[in-house]
Structures are given as C-alpha cells and as structure tokens.
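So the protein sequences, as listed, match chains A and B. Residue 5 is where the first sequence starts when you use the working numbering, and the numbers rise one by one after that. Residue 2 is where the second sequence starts when you use the working numbering, and the numbers rise one by one after that.
Simulated from the structure, these hints should not be mistaken for laboratory data. These figures come from a predicted structure and were not determined experimentally. Glycine included, each C-beta is placed from N, C-alpha and C at the ideal position. Heads up, a few of these hints could be off.
[Said to hold, decoys possible] Cβ-Cβ distance ranges computed for the label pairs, FRET-style: (1) B:Asp108 / A:Gln132: 30 to 38 Å; (2) A:Ala6 / B:Asp279: 28 to 36 Å; (3) A:Lys127 / B:Gly394: 46 to 54 Å; (4) A:Ala92 / B:Glu383: 28 to 36 Å.
[To be verified] Selected chain B positions facing chain A (Cβ under 7 Å, derived; list incomplete): (5) Leu133; (6) Asp134; (7) Glu310; (8) Met316; (9) Asp320; (10) Ala328; (11) Tyr338; (12) Gly344; (13) Asp347; (14) His351; (15) Val391; (16) Ser399; (17) Gln401; (18) Val403; (19) Lys404.
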Amino acid sequence: MAYSDKVLDHYSNPRNVGTLDRTDPRVGTGMVGAPECGDVMRLQIKVNEETGIIEDARFKTFGCGSAIASSSLATEWVKGKTLDEALAIRNIDIVNELSLPPVKIHCSVLAEDAIKAAIEDYKKKRQQQKG
Amino acid sequence: MKTPIYMDYHATTPVDPRVLDAMLPYFREKFGNAASRNHAFGWEAEQAVEKARKQIADLIGASPQEIIFTSGATESDNLAIKGVARMYAERGNHIITVATEHKAVLDTCKRLAKSGYEVTYLPVQRDGLIDLDQLKNAITDKTILISVMHANNEIGVLQPIREIGRIARERGVLFHTDATQSVGKVPVNVNDDNIDLMSLSGHKMYGPKGIGALYVRRKNPRVQLAAEMDGGGHERGMRSGTLNVPGIVGLGEACAICQREMAEESVRIAALRDRLKDKLQSELDEIYINGSMEHRLPNNLNISFAYVEGESLMMGMKDVAVSSGSACTSATLEPSYVLRALGVGDDLAHTSIRFGLGRFNTEEEVDYVAARVIEVVKKLRELSPLYEMVKEGVDLKSVQWVKD
Chain A
5 MAYSDKVLDH YSNPRNVGTL DRTDPRVGTG MVGAPECGDV MRLQIKVNEE TGIIEDARFK
65 TFGCGSAIAS SSLATEWVKG KTLDEALAIR NIDIVNELSL PPVKIHCSVL AEDAIKAAIE
125 DYKKKRQQQK G
Chain B
2 MKTPIYMDYH ATTPVDPRVL DAMLPYFREK FGNAASRNHA FGWEAEQAVE KARKQIADLI
62 GASPQEIIFT SGATESDNLA IKGVARMYAE RGNHIITVAT EHKAVLDTCK RLAKSGYEVT
122 YLPVQRDGLI DLDQLKNAIT DKTILISVMH ANNEIGVLQP IREIGRIARE RGVLFHTDAT
182 QSVGKVPVNV NDDNIDLMSL SGHKMYGPKG IGALYVRRKN PRVQLAAEMD GGGHERGMRS
242 GTLNVPGIVG LGEACAICQR EMAEESVRIA ALRDRLKDKL QSELDEIYIN GSMEHRLPNN
302 LNISFAYVEG ESLMMGMKDV AVSSGSACTS ATLEPSYVLR ALGVGDDLAH TSIRFGLGRF
362 NTEEEVDYVA ARVIEVVKKL RELSPLYEMV KEGVDLKSVQ WVKD
C-alpha cells in the first residue's frame with residue numbers, strides 16, 4: 005500500500021510520544037483498541053485547571069503506520085484546545101488530513117475514540133475530586 | 002550492496018539468468034507450436050518440451066510421461082483435487098486435507114464440499130505439523146484423497162510426507178502434495194515419498210511465472226483425472242491448451258539447476274537464515290519463532306516481534322522486502338489463518354514477519370536486514386503502549402480492552 009506523505013512524516017517523526025503521570029489529577033488517559041485486533045492507542049492529555057485548555061498531550065500506539073500517524077496527529081490537534089473544542093474533532097477530519105484510504109478509516113475512528121476517552125477520564129477524575 | 006533487499010522468496014523468485022538464457026530462443030526463432038507435427042518448427046518445440054519434461058522428472062524421481070504442464074501450482078492443485086474427486090466419485094466422496102494448506106487447496110476443497118463431498122481439515126500441532134494418528138483415524142472407506150502440503154508457504158514447516166504417503170498407500174487412498182515451496186529446495190522423490198500427485202510451480206524455483214506442473218503417477222497405482230480444461234487433448238487429455246514452450250523450457254532449466262546445486266545451496270542458505278535468526282535473538286527480547294525449526298525449509302524464518310505490529314515494522318524498513326501475517330497486510334483484514342491454526346494468538350499473529358531467503362541473498366544483506374529489523378523494532382517498542390505496560394509488570398491478559 006502506498007502511504008501519503010503526511011502519514012509517512014508522522015510515522016517517521018511521531019509528535020508527542022510519551023507517557024504522562026496517570027495519577028496527576030490534571031491528566032486524562034484514554035486507551036482504546038485491543039492487541040488481538042492489531043491496534044491499541046493510548047492518548048493522554050494534561051489540562052490547565054484554570055483555563056480549561058489542554059496544555060500537553062502524549063501518545064503511544066501499537067498498530068500500523070496509519071494508526072501511529074492518526075494518534076500522532078490527534079495529539080497535535082488537541083493541544084491548545086478547550087475540552088469542548090477537542091471533543092469536536094471528528095475522525096473524518098483525520099481521514100482528510102492524512103489522506104487515509106478506506107481500509108484505514110478505522111485508525112481515524114480509533115483516534116477520535118482515544119481523544120474522547122482521555123477527556124472522559126479527565127472529567128471523571130475532576131468529579132471524584134469535587135465529590 | 003544494492004537496496005531494496007529482496008527477502009520474500011516464498012512469494013516469488015527472480016528468474017535465474019541461466020534460465021532466461023535457455024528460454025529466449027523459444028520466444029524468437031524457435032517459436033513453434035509443440036503440437037505441430039508436420040514441420041521443423043513444431044519438432045523443435047516438441048523436442049524442447051520433452052527435454053524439460055525429463056529435467057523436471059529427474060529432479061523428483063518421476064518418469065517424464067508423468068509430468069503434466071499447467072499454468073502454475075494453483076491450477077495444479079485444482080486439477081489434482083477436482084480431477085480425482087470427479088474421477089473417483091463412485092469410489093467415495095471423502096477428502097482429507099489440513100487447516101494450514103494454501104488457499105488453492107482449501108478453497109478447492111470448499112467448493113467440492115458444496116457439491117456433496119465431505120472434507121476433513123486436520124488440525125496442526127503447535128509446531129505446525131499434523132499428528133499422524135489423527136490422519137489415520139480420519140480415513141474412512143469413503144476416503145479417496147489425502148492432500149497435505151510438503152512445505153508451508155508462511156512458516157516453512159515440512160510435513161512428514163513420506164509417512165503420510167505410506168499411510169495413504171496402505172489404506173488404498175491417493176496422496177496429493179502441494180510441493181510448491183519445497184521442490185528444488187529440499188529433496189523430494191515421488192517413489193520414496195509415496196506420492197501419487199504433486200503440484201509445483203516455476204516462479205518459486207527461479208523459473209518464470211505462469212508455468213507449473215502436476216506430477217501424476219502412472220504405475221502402482223495408475224492415477225486418472227477428470228480434466229478441467231476441454232480442448233485439443235494435450236497432456237494425455239488431462240490439460241488441453243497449447244503448451245507454453247518458453248515457460249516449459251524455463252521450468253525445465255530451473256529444475257536442472259536446482260538438481261545440480263540444491264545440496265550446496267541449501268546449506269549456504271540455511272547458514273544465512275540461522276545467522277539472521279541468531280542476530281535477532283541476541284539483540285531483541287520477546288521474539289517468538291513460529292513453527293518447528295527442526296522440520297523446516299532451509300530458507301524460511303517466521304518470527305513474531307511481540308508488541309510491534311507487522312505492517313508498521315515493514316513500513317520502517319522500506320528498503321527490505323519481507324511479508325507479514327498481520328491483518329493490515331491481508332486482503333481479508335484477518336490475521337494469518339496459518340498462525341491461528343498453530344495456536345498463535347491474534348495479538349502475536351499481528352506482529353509476525355516472514356523472511357524468505359534465496360539464491361541471490363548475501364551475508365552482507367543478512368547483516369543489513371538484521372540491523373534494520375533490530376533498529377525499527379526497538380524504535381516501535383518505544384512507541385508501543387503494550388511494551389511499556391509489560392515492562393512495568395502489567396499482565397496484558399488482565400486488561401479490559403475497549404474493542405471497536
């Protein structure tokens with residue numbers, strides 16, 4: 005399969021690879037996919053509690069090149085956004101940006117799910133703190 | 002050293018220059034139809050075909066009249082299995098084959114199953130080999146054919162065909178073997194191995210694509226086939242169609258070269274393969290070899306690199322041509338059914354890479370490939386949440402995964 009230049013770029017130079025402290029109340033972690041399905045994405049966000057803006061994002065992904073590129077791109081996009089803005093990111097935006105072929109659309113879906121899961125995790129933590 | 006490096010010899014092989022040289026005159030001045038009985042052009046072509054038939058027969062211990070030319074191993078498998086099924090329909094309707102066969106065998110059997118045939122798919126053990134007792138127990142008085150491949154195309158595992166052939170012979174059942182990956186790489190002898198039908202292909206043994214052969218035993222027992230292709234009655238009526246003379250000449254020459262050089266070549270290639278294996282094992286943890294190392298083609302290595310998805314691994318080494326059992330590389334989006342049959346979990350099947358070494362690989366290339374694989378696996382493991390979790394002591398089996 006031929007990859008788009010953008011997929012190749014994210015694969016060769018993945019942005020924001022790494023791990024944030026999962027116990028930090030400002031950090032939300034989303035992990036989606038399963039090893040037997042051939043892809044697992046873990047996306048983490050760190051939220052500034054005063055401004056509500058995502059200050060940092062990190063990912064690690066087990067999966068094909070398109071899965072790696074989709075999650076790398078997702079971390080780039082969520083940075084600097086509010087939670088609501090980040091929730092508005094749709095998988096089709098990722099498909100278009102990376103020119104993913106139809107068989108790789110599920111990679112973009114997974115990336116969208118990972119963003120949502122990370123935000124949900126962050127919100128849950130906040131609630132628990134308040135409660 | 003030139004890149005990209007080809008290490009996917011199970012998919013196809015380059016035509017040996019000596020094979021091409023033998024073929025070229027049959028595209029140019031010697032273009033006759035081997036069935037033209039009345040002029041020199043036809044005689045010349047027929048002579049070339051008969052020489053090739055003998056070269057093929059010599060490599061596998063057959064007699065030339067037992068070689069039927071086809072377009073390749075897929076056609077040979079179809080002709081053998083459907084041809085026997087139809088010819089011997091009155092005797093029985095049961096066929097035994099194996100879960101790890103090539104699709105050319107499995108899908109042929111599936112089609113027969115739709116028209117009233119019973120098919121038994123033998124499982125394989127963890128090492129990829131069948132259990133001979135299971136084979137014996139599967140034979141009934143309705144069994145007309147046992148079809149078991151010699152070498153597997155993904156994991157290179159060699160089935161005990163001699164014993165299988167002996168069991169088939171004792172029980173009066175015909176034995177077909179798809180030897181596409183093994184002929185010319187390891188010794189095969191249709192008499193010593195009790196083979197009644199055998200498929201082989203030109204382009205897996207440094208011959209051209211589009212040519213193959215089916216060995217059909219003529220004596221003890223005499224095997225008859227119902228033809229698939231109707232027409233001019235070529236190839237003893239078993240396969241009509243004008244013979245592909247240049248292809249046949251190429252296949253013959255490829256067999257002759259293999260016969261002369263196989264003993265030496267297999268030792269050289271096995272040493273390269275082992276060098277690759279040793280280098281990978283010394284530098285990488287958590288890598289798993291799929292299939293028996295003992296009963297295996299000299300040129301095959303199939304390894305799962307845990308926590309690194311196969312397609313992403315290949316993407317990181319674009320200058321190395323290998324293949325993967327990962328779903329992402331298959332048309333069906335399912336991971337390798339061969340690895341599944343061995344009991345390899347889908348998680349590890351997604352991380353498998355098949356290395357197929359061959360005639361034109363060098364030690365320098367092996368060292369380069371090993372270094373590239375090691376580098377990319379290490380890089381991707383840095384990126385892998387699974388590798389990180391395992392290193393932190395998490396049992397991945399205990400994790401609740403969110404499946405889509």
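Hints violated by the structure (listed by number, smallest first): The structure breaks hints 1, 3, 5, 6, 9, 11, 12, 15, 16, 17; every other hint is satisfied.
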